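Student: Single-letter residue listing:
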Amino acid sequence: MVTEVSTREAYGKVLVELGKTNPNIVVLDADLSHSTMTRLFAETFPERFFNCGLAEQNMIGISAGLAASGKTVFASTFAVFASCRCFDQLRMCLSQPKLNVKIVATHGGITVGEDGFSHHSIEDLALFCSLPGFTVVVPADAIETKEAVKIAAGTYGPFYIRLSRPRTPLVYDENYTFTLGKAVTMRPGKDATIIAIGIMVAKALQAAQALAAEGIDCCVINMPTLKPLDEEAIIKAASETGAIIVAEEHLKHGGLGSRVARVVAREKPVPMAFLGIKDAYAKSGKPEELLQRHGLTVKDIRQAVKSLIPKKVFR
Amino acid sequence: MFVGGPSISELQKIVRKLRRHVITMTAIAGSGHPGGSLSAADIITALYFTVLRHDPKNPDWQDRDRFVLSKGHAAPILYAALAECDYFPVEELLTLRKLDSRLQGHPDRTLTPGVEMSSGALGQGLSFGIGIALAGKLDSRDYRVYVFLGDGECDEGQVWEAAMAAAHFKVDNLVAIVDRNQQQLDGYCYDIMNLEPLAAKWRAFGWEVLEIDGHDFQQILKAFEKAQEVKGKPTVIIAHTIKGKGVSFMENNIEFHGKAPTPEEAEKALKELE
Numbered sequence: 003m004v005t006e007v008s009t010r011e012a013y014g015k016v017l018v019e020l021g022k023t024n025p026n027i028v029v030l031d032a033d034l035s036h037s038t039m040t041r042l043f044a045e046t047f048p049e050r051f052f053n054c055g056l057a058e059q060n061m062i063g064i065s066a067g068l069a070a071s072g073k074t075v076f077a078s079t080f081a082v083f084a085s086c087r088c089f090d091q092l093r094m095c096l097s098q099p100k101l102n103v104k105i106v107a108t109h110g111g112i113t114v115g116e117d118g119f120s121h122h123s124i125e126d127l128a129l130f131c132s133l134p135g136f137t138v139v140v141p142a143d144a145i146e147t148k149e150a151v152k153i154a155a156g157t158y159g160p161f162y163i164r165l166s167r168p169r170t171p172l173v174y175d176e177n178y179t180f181t182l183g184k185a186v187t188m189r190p191g192k193d194a195t196i197i198a199i200g201i202m203v204a205k206a207l208q209a210a211q212a213l214a215a216e217g218i219d220c221c222v223i224n225m226p227t228l229k230p231l232d233e234e235a236i237i238k239a240a241s242e243t244g245a246i247i248v249a250e251e252h253l254k255h256g257g258l259g260s261r262v263a264r265v266v267a268r269e270k271p272v273p274m275a276f277l278g279i280k281d282a283y284a285k286s287g288k289p290e291e292l293l294q295r296h297g298l299t300v301k302d303i304r305q306a307v308k309s310l311i312p313k314k315v316f317r
Numbered sequence: 002m003f004v005g006g007p008s009i010s011e012l013q014k015i016v017r018k019l020r021r022h023v024i025t026m027t028a029i030a031g032s033g034h035p036g037g038s039l040s041a042a043d044i045i046t047a048l049y050f051t052v053l054r055h056d057p058k059n060p061d062w063q064d065r066d067r068f069v070l071s072k073g074h075a076a077p078i079l080y081a082a083l084a085e086c087d088y089f090p091v092e093e094l095l096t097l098r099k100l101d102s103r104l105q106g107h108p109d110r111t112l113t114p115g116v117e118m119s120s121g122a123l124g125q126g127l128s129f130g131i132g133i134a135l136a137g138k139l140d141s142r143d144y145r146v147y148v149f150l151g152d153g154e155c156d157e158g159q160v161w162e163a164a165m166a167a168a169h170f171k172v173d174n175l176v177a178i179v180d181r182n183q184q185q186l187d188g189y190c191y192d193i194m195n196l197e198p199l200a201a202k203w204r205a206f207g208w209e210v211l212e213i214d215g216h217d218f219q220q221i222l223k224a225f226e227k228a229q230e231v232k233g234k235p236t237v238i239i240a241h242t243i244k245g246k247g248v249s250f251m252e253n254n255i256e257f258h259g260k261a262p263t264p265e266e267a268e269k270a271l272k273e274l275e
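Going down the list, the sequences are from chains A and B.
Under the working numbering, the first residue of the first sequence carries the number 3, and numbering increases by one thereafter.
Under the working numbering, the first residue of the second sequence carries the number 2, and numbering increases by one thereafter.
What the hints contain is simulated information worked out from the structure, not anything from laboratory work.
Everything numeric in this text was worked out from a predicted model, so none of it was measured.
Hints may be right or wrong, so weigh each one.
Unchecked claim - Selected chain B positions facing chain A (in silico; Cβ < 8 Å):
| # | residue |
| --- | --- |
| 1 | Gly106 |
| 2 | Ala122 |
| 3 | Ser128 |
| 4 | Gln159 |
| 5 | Ala166 |
| 6 | Lys171 |
| 7 | Leu186 |
| 8 | Gly259 |
| 9 | Thr263 |
Here a beta-carbon is modelled for each residue, glycine too, at the ideal position from N, C-alpha and C.
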């Protein structure tokens, strides 16, 4: 039985933990604190919590002012609002001035589900990765979330951390140490490499397990830090396995796939396959139904690996 | 009362010098926004030479008052004031907008000593000011925050998000100044996007509202004094100004919103500002 834990709940709890030891931390939200779980911080440290109401752009500006005055700022809302609605504010107030604000957004991707396209966030990684100076992290589970948030709190500069709405399976145990900018080899393998991010990591592991039963030995890499990218790990995977499959809950363009492909094309060209959302918005539905509709299931990963291996130049 | 600062006649002398800098800088750069710099000149002079508690030798001093130029296109007048306060050499003003200059076309907080925030995409400075004001309250510091807005800038929705939030958070250490020169790039504000009743809007949002002639130092200083006494809410000073103020052929001439004077025009303007 796989344990499923919500990443946003892990975020809410670790914020309280950080708040206890670091009086410099302030938290902002835009009327979603019950969903982003920043309400836990608000209840514990009301004087250091600012609910900005439904005004995300203003929240980014206020965050910047607090950061410019020496605060370590966490600002939360849904991923789609943090990215699409606030892009100019992110650019003017955080990216260019390099201010110490951590945007931790929940409800990333299409597993937001029934709320539909207005609440799905499928462009956020492309947008945040395009901002100079931003560090972009997508944890694979609740444990990695906790560790990544702690590291972000102690690392100067603007961050984007993308979390999910539903509970997700744990892929790590409590002994896990997150290293910023480093990929994690989840399992070794020689026939192909699946590079996954966020909720796709657990699925990639399941796919690799199923493929092993068919005699295909797949390496699985978790790439929690999307920017700066661990290029060395990508080059190594391309060199050692000769085929790379990328899986992400995001548009195919601008996210993990695009970023990995740029490294592969430049340093070690090998055949690649891309699992992600095609150039369209998703509709309302249950998270699993949407993942199925958009080709982001364990089965889809398995098929992608099997179709890619024959294209390998060296075996 | 602000004590120990320059007299009104001294301020008038300083502001003429700053206006001359604006003309020279933009003329040499060949581009820039003289109109909105000249309308802002008297208020920015009053702030930097009388009102603000600041130390040019120590621009990161934690207890300094903060000035945020939200209407970033008025950068030339800000740079002129900073240079005359010794944040950097006056000669550097002539590098405005040139490659590798610290004086960018719009303010850049990472490059220029004394510049509190990068700006230029309008409507964002007031939010930033709220953040600084909240940090001051959290840390029990008694500094004050001044945010300078254009009237055209008040078309931006974020200004009103911030107006609402500032009153909600009761940041009485925050003062906004609206440079009410009545013009924006495409023409008169009342033609492009009517802002009136502007004072009533700010009042309705929960602000203390003061209206002044933004070219009269007595009124300017009195307004800043009054703002310091307001408790429990932020203050906005609506400063009625003239775009291009101080140069006859630039006054109320929308052409000079975003156009630098030619060498001949600059010469004529400098003569008027002697």
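Student: It remains to establish, for every hint, whether it holds in the given structure.
Tutor: Tested hints:
1. Gly106: violated, 13 Å
2. Ala122: It holds, given that the least Cβ distance between alanine 122 (chain B) and chain A is near 5 Å, below 8 Å.
3. Ser128: holds, 2 Å
4. Gln159: Holds: closest Cβ of chain A sits about 5 Å from glutamine 159 (chain B), inside 8 Å.
5. Ala166: holds, 6 Å
6. Lys171: violated, 12 Å
7. Leu186: violated, 18 Å
8. Gly259: violated, 19 Å
9. Thr263: This interface hint is violated because 32 Å lies over the 8 Å limit.
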